[in-house]
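Enquirer: Here is how the chains run, residue by residue.
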Amino acid sequence: MSYTVNFSATQALGILSQITLTDISTGTPPTLTTRKVTVAMADGTLLADAEDWPLADTTKAFDILSRSVAVNITVQWMNGTTVVDQKTILYCFDLYDYIFAYSLTQQQTSAPTLVNDTVYWMNKAQFMVNLKDAENAVTYGGDIYSAQNSLNLNYNMIQNSDKYF
Amino acid sequence: MPTVSEILDIAAVSQYLASNDVAKGSLFGNPRLRPIVPSRIWVEKQIIQAIYDGDHNYDGLQEAADYLYAMLYHPAQASAIVNNSNGGSISPITPSIPTGIYPLVITAADMEIDGVTYNNPNIVGDNLMVFVQQYNEEWLYAPDFFQYTGSGIVIVAAGFDANNYGNIIIQKFNSP
Numbered sequence: 002m003s004y005t006v007n008f009s010a011t012q013a014l015g016i017l018s019q020i021t022l023t024d025i026s027t028g029t030p031p032t033l034t035t036r037k038v039t040v041a042m043a044d045g046t047l048l049a050d051a052e053d054w055p056l057a058d059t060t061k062a063f064d065i066l067s068r069s070v071a072v073n074i075t076v077q078w079m080n081g082t083t084v085v086d087q088k089t090i091l092y093c094f095d096l097y098d099y100i101f102a103y104s105l106t107q108q109q110t111s112a113p114t115l116v117n118d119t120v121y122w123m124n125k126a127q128f129m130v131n132l133k134d135a136e137n138a139v140t141y142g143g144d145i146y147s148a149q150n151s152l153n154l155n156y157n158m159i160q161n162s163d164k165y166f
Numbered sequence: 054m055p056t057v058s059e060i061l062d063i064a065a066v067s068q069y070l071a072s073n074d075v076a077k078g079s080l081f082g083n084p085r086l087r088p089i090v091p092s093r094i095w096v097e098k099q100i101i102q103a104i105y106d107g108d109h110n111y112d113g114l115q116e117a118a119d120y121l122y123a124m125l126y127h128p129a130q131a132s133a134i135v136n137n138s139n140g141g142s143i144s145p146i147t148p149s150i151p152t153g154i155y156p157l158v159i160t161a162a163d164m165e166i167d168g169v170t171y172n173n174p175n176i177v178g179d180n181l182m183v184f185v186q187q188y189n190e191e192w193l194y195a196p197d198f199f200q201y202t203g204s205g206i207v208i209v210a211a212g213f214d215a216n217n218y219g220n221i222i223i224q225k226f227n228s229p
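In order, the protein sequence lines correspond to chains A and B.
Following this note's numbering, the numbering of the first sequence begins with 2 at its first residue and continues without gaps.
Following this note's numbering, the numbering of the second sequence begins with 54 at its first residue and continues without gaps.
Some hints here could point you the wrong way.
Stated by the list, open to error - Listed below are the simulated DMTMM-like cross-link pairs for lysine to aspartate or glutamate, each with C-alpha atoms no more than 25 Å apart in a straight line:
1. A:K133 with B:D179
2. A:K133 with A:D118
3. A:K133 with A:D44
4. A:K37 with A:D53
5. A:K164 with A:D134
6. B:K225 with B:D167
7. A:K37 with A:D144
8. A:K61 with B:D119
9. A:K61 with B:D108
10. A:K37 with A:D64
11. A:K133 with B:D108
12. A:K133 with B:D167
13. A:K61 with B:D106
14. B:K77 with B:D112
15. A:K164 with A:D118
16. A:K133 with B:D112
17. A:K133 with B:D106
18. B:K77 with B:D62
19. A:K37 with A:D86
Stated by the list, open to error - Each pair of labels, with its calculated beta carbon distance range:
20. B:N83 with A:T89: 51 to 57 Å
21. A:T114 with B:A65: 54 to 60 Å
22. A:Q127 with B:P55: 27 to 33 Å
23. A:G81 with B:A65: 52 to 58 Å
Keep in mind that the hints were calculated from the coordinates and are not lab data.
None of these values were measured; they are calculated from a predicted model.
Quick reminder that beta carbons are idealized off the backbone N, C-alpha and C, glycines included.
So here's chain A without its partners, still in its complex pose (with noise of 0.2 Å):
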């Protein structure tokens, strides 16, 4: 049976700045050595440049990052230094924003007249929107570029909470 090469990435409230590769592949694998890891944001900058990912591991965790981004993750499944095969996805992790907004919302609880500024409810409405359509650009449209705009929209305004909020 063929070896058809295929990961999947998740990011964990406990653990925001990690996420987890798990490797899915099916089928009976070819003489490998290792994987290479690489992660990329929509401007290039490299959270993981080829990072190894030893066989061994079904799971590993990388600890790259600081906020919400859209990244494209590449495993490359190796033969010594030869690409036996690779597979790239879009991915959009993006529990920062979620756990700043829930933060907004614990605020909330204890002020509930909160709500009632104006200022304060359109800029709440406008990061959530911001969060949804950086959600979309990735599952629906694979833009990688829209996404990662709108989590840079929502990043000034956690930069800046105390104006926005």
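Please arrange chain B on chain A, whose structure you already have, making use of the hints.
Expert: Quick look at chain B alone, frame taken from chain A:
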């Protein structure tokens, strides 16, 4: 108070109820509630749903969900909609086998290439009689002229070939 999961389900319906009433208020010139209410519900629900999907037991999640519940529009009605299993149903219509096909007029072109076999699921199970133009001008019956098969009939009269005759009329008799 409802659980986080229940509140999220109720919030989805409440958002719809709020959107509906905002629309009705605009249509009839009688505002029922502030237009911002549906979007508020949507925003908070998205946040709590994302956290819940990541960790059902995330710190402070129930309190945040309770806050969402407190801001819902018509939560009791929304809860009744979510939990109501008697909202009515549409019984599927079972299509009936068409019965208005008789008398069925066929030719050799409708039969199998052997000139004696006719397959049609709509005639299976019916009592049939067959009239063949230019054959003997009589209604012909099973088992002497033809026999029933699981998919139609096969003409067993010796030497018969439908290609040598005109129309073949199949009629039902004494069948419900």
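Enquirer: Decide, hint by hint, whether the structure agrees.
Expert: Verification of the supplied hints:
Using a Cα cut-off of 25 Å, the hinted pair K133 of chain A and D179 of chain B is violated, with the two alpha carbons roughly 61 Å apart. A distance of roughly 23 Å separates the Cα atoms of K133 of chain A and D118 of chain A; the hinted pair therefore holds under the 25 Å criterion. A distance of roughly 21 Å separates the Cα atoms of K133 of chain A and D44 of chain A; the hinted pair therefore holds under the 25 Å criterion. With a C-alpha separation of about 5 Å, the suggested pairing of K37 of chain A with D53 of chain A holds against the 25 Å cut-off.
For the proposed pair K164 of chain A and D134 of chain A, the alpha carbon gap of about 23 Å is at most 25 Å, so the pair holds. At most 25 Å may separate the alpha-carbon atoms for a hinted pair to count; K225 of chain B and D167 of chain B meet this at roughly 24 Å. A hinted pair counts as satisfied when its Cα atoms are at most 25 Å apart, and K37 of chain A with D144 of chain A qualifies at roughly 24 Å. For a cut-off of 25 Å, the pair hint linking K61 of chain A to D119 of chain B is broken: about 37 Å separates their Cα positions.
Among the hinted pairs, K61 of chain A with D108 of chain B is consistent with the structure: their alpha-carbon atoms are about 20 Å apart, no more than 25 Å. At roughly 15 Å between alpha-carbon atoms, K37 of chain A and D64 of chain A fall within 25 Å of each other, so this suggested pair holds. Our distance criterion of 25 Å between C-alpha atoms is met by K133 of chain A and D108 of chain B, whose separation comes to about 20 Å. Distance hint between K133 of chain A and D167 of chain B is unfulfilled; the C-alpha atoms sit about 65 Å from each other, more than 25 Å.
Taking the CA atoms of K61 of chain A and D106 of chain B, the gap is about 22 Å. The hint holds against a cut of 25 Å. Of the supplied pair hints, the one linking K77 of chain B and D112 of chain B is violated, its CA atoms being roughly 39 Å apart against a limit of 25 Å. Our distance criterion of 25 Å between C-alpha atoms is met by K164 of chain A and D118 of chain A, whose separation comes to about 13 Å. For the hint pairing K133 of chain A with D112 of chain B, the CA-to-CA distance comes to about 24 Å; that is within 25 Å, so the pair holds.
About 16 Å separates the Cα atoms of K133 of chain A and D106 of chain B, which keeps this hinted pair within 25 Å; it holds. The suggested pairing of K77 of chain B with D62 of chain B holds, with an alpha-carbon distance near 23 Å, which does not exceed 25 Å. Only pairs whose Cα atoms come within 25 Å are accepted, and K37 of chain A paired with D86 of chain A is accepted, the gap being roughly 11 Å. Checked against the hint of 51 to 57 Å, the pair N83 of chain B and T89 of chain A passes, with Cβ atoms roughly 55 Å apart.
The hinted window of 54 to 60 Å between T114 of chain A and A65 of chain B is violated, with their beta carbons roughly 25 Å apart. Our hint of 27 to 33 Å for Q127 of chain A and P55 of chain B holds, since their Cβ atoms are close to 29 Å apart. As the Cβ distance of G81 of chain A to A65 of chain B is approximately 53 Å, the hint placing it in 52 to 58 Å holds.
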